[in-house]
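**Student:** Each chain, written out:
2 protein chains.
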Amino acid sequence: MKCVSCKEDYGSSDAGTCRECYEEASETEEELKREIEDLKAKVNFLRFWSPSQHLHQQQRTTPFFSDIVLVASHDESGKSTPYPVPVPANRALLASRSPVFRAMLENEMEESLSGTIKISDVSYEALRAFVTYLYTADACLDDLMACDLLVLAEKYQVNHLKTYCEKFLISKLNWENSLPNYGFAHQHNAKKLLDAALSLIMENMDKLSNREEYKELVDKDPRLVVEIYEAYLSKQVNTAVQKDPVAKA
Amino acid sequence: MKCVSCKEDYGSSDAGTCRECYEEASETEEELKREIEDLKAKVNFLRFWSPSQHLHQQQRTTPFFSDIVLVASHDESGKSTPYPVPVPANRALLASRSPVFRAMLENEMEESLSGTIKISDVSYEALRAFVTYLYTADACLDDLMACDLLVLAEKYQVNHLKTYCEKFLISKLNWENSLPNYGFAHQHNAKKLLDAALSLIMENMDKLSNREEYKELVDKDPRLVVEIYEAYLSKQVNTAVQKDPVAKA
Numbered sequence: 001m002k003c004v005s006c007k008e009d010y011g012s013s014d015a016g017t018c019r020e021c022y023e024e025a026s027e028t029e030e031e032l033k034r035e036i037e038d039l040k041a042k043v044n045f046l047r048f049w050s051p052s053q054h055l056h057q058q059q060r061t062t063p064f065f066s067d068i069v070l071v072a073s074h075d076e077s078g079k080s081t082p083y084p085v086p087v088p089a090n091r092a093l094l095a096s097r098s099p100v101f102r103a104m105l106e107n108e109m110e111e112s113l114s115g116t117i118k119i120s121d122v123s124y125e126a127l128r129a130f131v132t133y134l135y136t137a138d139a140c141l142d143d144l145m146a147c148d149l150l151v152l153a154e155k156y157q158v159n160h161l162k163t164y165c166e167k168f169l170i171s172k173l174n175w176e177n178s179l180p181n182y183g184f185a186h187q188h189n190a191k192k193l194l195d196a197a198l199s200l201i202m203e204n205m206d207k208l209s210n211r212e213e214y215k216e217l218v219d220k221d222p223r224l225v226v227e228i229y230e231a232y233l234s235k236q237v238n239t240a241v242q243k244d245p246v247a248k249a
Numbered sequence: 001m002k003c004v005s006c007k008e009d010y011g012s013s014d015a016g017t018c019r020e021c022y023e024e025a026s027e028t029e030e031e032l033k034r035e036i037e038d039l040k041a042k043v044n045f046l047r048f049w050s051p052s053q054h055l056h057q058q059q060r061t062t063p064f065f066s067d068i069v070l071v072a073s074h075d076e077s078g079k080s081t082p083y084p085v086p087v088p089a090n091r092a093l094l095a096s097r098s099p100v101f102r103a104m105l106e107n108e109m110e111e112s113l114s115g116t117i118k119i120s121d122v123s124y125e126a127l128r129a130f131v132t133y134l135y136t137a138d139a140c141l142d143d144l145m146a147c148d149l150l151v152l153a154e155k156y157q158v159n160h161l162k163t164y165c166e167k168f169l170i171s172k173l174n175w176e177n178s179l180p181n182y183g184f185a186h187q188h189n190a191k192k193l194l195d196a197a198l199s200l201i202m203e204n205m206d207k208l209s210n211r212e213e214y215k216e217l218v219d220k221d222p223r224l225v226v227e228i229y230e231a232y233l234s235k236q237v238n239t240a241v242q243k244d245p246v247a248k249a
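These protein sequences, in sequence, are chains A and B.
With full-length UniProt numbering, letter number 230 in the first sequence gets 230, and the count goes up by one each step, no holes.
With full-length UniProt numbering, letter number 43 in the second sequence gets 43, and the count goes up by one each step, no holes.
Do not take every clue at face value.
Pairs involving identical chains hold if they fit within one copy or between any two copies, as the list cannot separate such chains.
Restricting the straight-line Cα-Cα distance to at most 25 Å, the calculated cross-link-like pairs of lysine to aspartate or glutamate (DMTMM-like) are [to be verified]:
(1) K215 to E111
(2) K42 to E176
(3) K33 to D138
(4) K192 to E37
(5) K243 to D67
The set of hints was computed from the structure by calculation and includes no laboratory data.
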């Protein structure tokens, strides 16, 4: 028989679907692709221009409908920034994207009255990328930027950005960076990244205690190391029960 | 052979794909579904709360970050509305969604200075649905609302909404409503709806001149009727050429 998809001949042992199912599946695929196109158009429509993008593109002297600015008051090392460059934004946009900003701006807190929101422990680049994400749902990530944005997303409860950064960091996970990622995920309440890093660590328990990062973690935060051992033991017990449920019962 | 999808037996004449292509297609389908989930999450993130929704949900006395209002100054029949109910909105949002609003609000025109945008020939309900769409990319359509929103979308150059309304009206097209839709599409520059209505009319040319709407259209705008005949003739000529290219050459 000839496959209607790849046009190659095949024997009955390699048979897949009947023609009717093939045609149905092709229709489903077409429908899904149309749905994707519609959703992409919707995303484009709903995207806001970022004021800084707009500033850049239109060579404007004043940013686009900006009524508030964010400034990086302290850089990542905790050093106070003497002349921070403000990142322009819009109150309604910030409030729409983050419940923390909403509370801040609705309740006539200091930030709302002064028109300046100070953000500590962040670089200008990360702050600008954060605001751009709030406008457009887009960010250009590398490892460092993904960590910086995850921290901001956690702090300002922007769940969509947090998930986006977690997915990126999970895609970059390997044995070399699993321990630092595990510690980072713990610190910033990133459950999916934590689980992924922990799985990877548990697959390599025999090599764990030789790693430099392991010794550092034991010194810095031994409870996290205890949690690794607890998870490992619990997994071993579960595996034993699954293998031999009678003996355990 | 047994189909791996529907589990029914089939003979080689009903064979569809080989197993490898079936597995690939299943993977593709899963990937497309994941992409759809991601895009839906993005749409939800990018959606703005509509001030009127927010007003409703939160029992607020003042709308959410509203800095401008829209009012229906004249209803659909052209009658001036003595006490129009204002629809609250946000300048940055309006400017982000419509180049017409952007020009209006950036250039210190009357509307920008007064904080009120008057919209003529529209009901309060349609105006409110229009503003809600600008915030959320969602609308609950019936035939009348789809026409009202298409008119507003054309006037304020909100292409995404225009396409949305056109798709809805095309899905409702039938021989009974094809002539009014043809006239409406012509008037508001709705190319896709125009083409769809024209196709349907041309399939029923023998019944055309008996229709009441046909006579009305001849009285009101005979040029549109001429265009129907021109399109019909052009289609006939093309079909003849395709059937007998030699005779024509």
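**Student:** Run every hint past the structure and note whether it holds.
**Tutor:** Each hint tested on the structure:
In this assembly of identical chains, K215 and E111 lie within 25 Å of each other by CA distance neither inside one copy nor across copies; the values are 42 Å within and 66 Å between. Proximity of K42 and E176 under a CA criterion of 25 Å is satisfied in neither setting, with 40 Å inside one chain copy and 32 Å between copies. When the C-alpha separation of K33 and D138 is checked against a cutoff of 25 Å, the pair qualifies both within a copy, at 21 Å, and between copies, at 20 Å. Proximity of K192 to E37 under the C-alpha cut-off of 25 Å is restricted to the inter-copy arrangement: shortest distance 17 Å between copies versus 29 Å within a copy.
Taking the closest pair of Cα atoms, K243 and D67 never come within 25 Å of each other, the shortest separation being 63 Å inside a single copy and 65 Å across copies.
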